[in-house]
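Participant: The primary structure of each chain is shown beneath.
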Amino acid sequence: SQELEQSPQSLIVQEGKNLTINCTSSKTLYGLYWYKQKYGEGLIFLMMLQKGGEEKSHEKITAKLDEKKQQSSLHITASQPSHAGIYLCGADLRDDKIIFGKGTRLHILP
Amino acid sequence: ETGVTQSPTHLIKTRGQQVTLRCSSQSGHNTVSWYQQALGQGPQFIFQYYREEENGRGNFPPRFSGLQFPNYSSELNVNALELDDSALYLCASSLNRFSTDTQYFGPGTRLTVL
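From first to last, the protein sequence lines are chains H and L.
If you use our numbering, the first sequence closes out at 110, no skipped numbers anywhere.
If you use our numbering, the second sequence closes out at 1114, no skipped numbers anywhere.
Residues of chain H placed beyond 12 Å of chain L at every Cβ, according to the derived structure: (1) L11; (2) V13; (3) N22; (4) S26; (5) G52; (6) G53; (7) E59; (8) D66; (9) Q70; (10) A78; (11) P81; (12) H107; (13) I108; (14) P110.
Beta-carbon label-pair distances, calculated as ranges: (15) H/H107 / L/Q1041: 17 to 27 Å; (16) H/K60 / L/A1080: 42 to 52 Å; (17) L/R1051 / H/S82: 31 to 41 Å; (18) H/K38 / L/K1013: 18 to 28 Å; (19) H/T77 / L/G1003: 24 to 34 Å; (20) L/E1053 / H/Q14: 47 to 57 Å; (21) H/Y30 / L/R1051: 19 to 29 Å; (22) H/T77 / L/P1070: 42 to 52 Å.
The set of hints was computed from the structure by calculation and includes no laboratory data.
Where is the CB? At the ideal position from N, CA and C, for every residue including glycine.
For reference, chain H alone in the conformation it holds in the complex (with noise of 0.2 Å):
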């Protein structure tokens, strides 16, 4: 069983448009990461959230953790296609490691 799903799994866009990732936890977050990851290469840490409630922005990239702190969601705003790639959510459930979840691919046509 996944303890971290993040839907959709793959997500085609117009240059321009908005999208929105999630990140869904069956167990309570301590801490909610978002990396990206172009195809075959390393993770790029993007933010991380702790708190409840609690929203990051960088450049175009906005990220919020749910007050319940069992979901996180991220949303691209006039997407470019150099934000094509991979996003991982990993989850601090508190047990001293971190989880990922499968991933959302992302492609963004010109």
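Please arrange chain L on chain H, whose structure you already have, making use of the hints.
Facilitator: Okay, now just chain L, sitting in the frame of chain H:
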């Protein structure tokens, strides 16, 4: 750009062989974690080392072992390779062993077992 490097980039081995993968952490980072990422999956936690001692282990058999050295380098060793060990192996360094510390990932080593 993360300051974490891994070698080699790619590796091909045959079933039953042994392999050693290397990672160089950011200077000052006392913790290194290793992950296995199969094709189309998220990274799976293998183990973590803090100040040269194992600090947690995922659901991987003992033939997966590691070492961490005082110079911020580390190794992942896999004995008796199996076909299912084919994957991207990622190391990540962080300042401390707490899971709330941001982990910075290396580019990975692609291992293919034939």
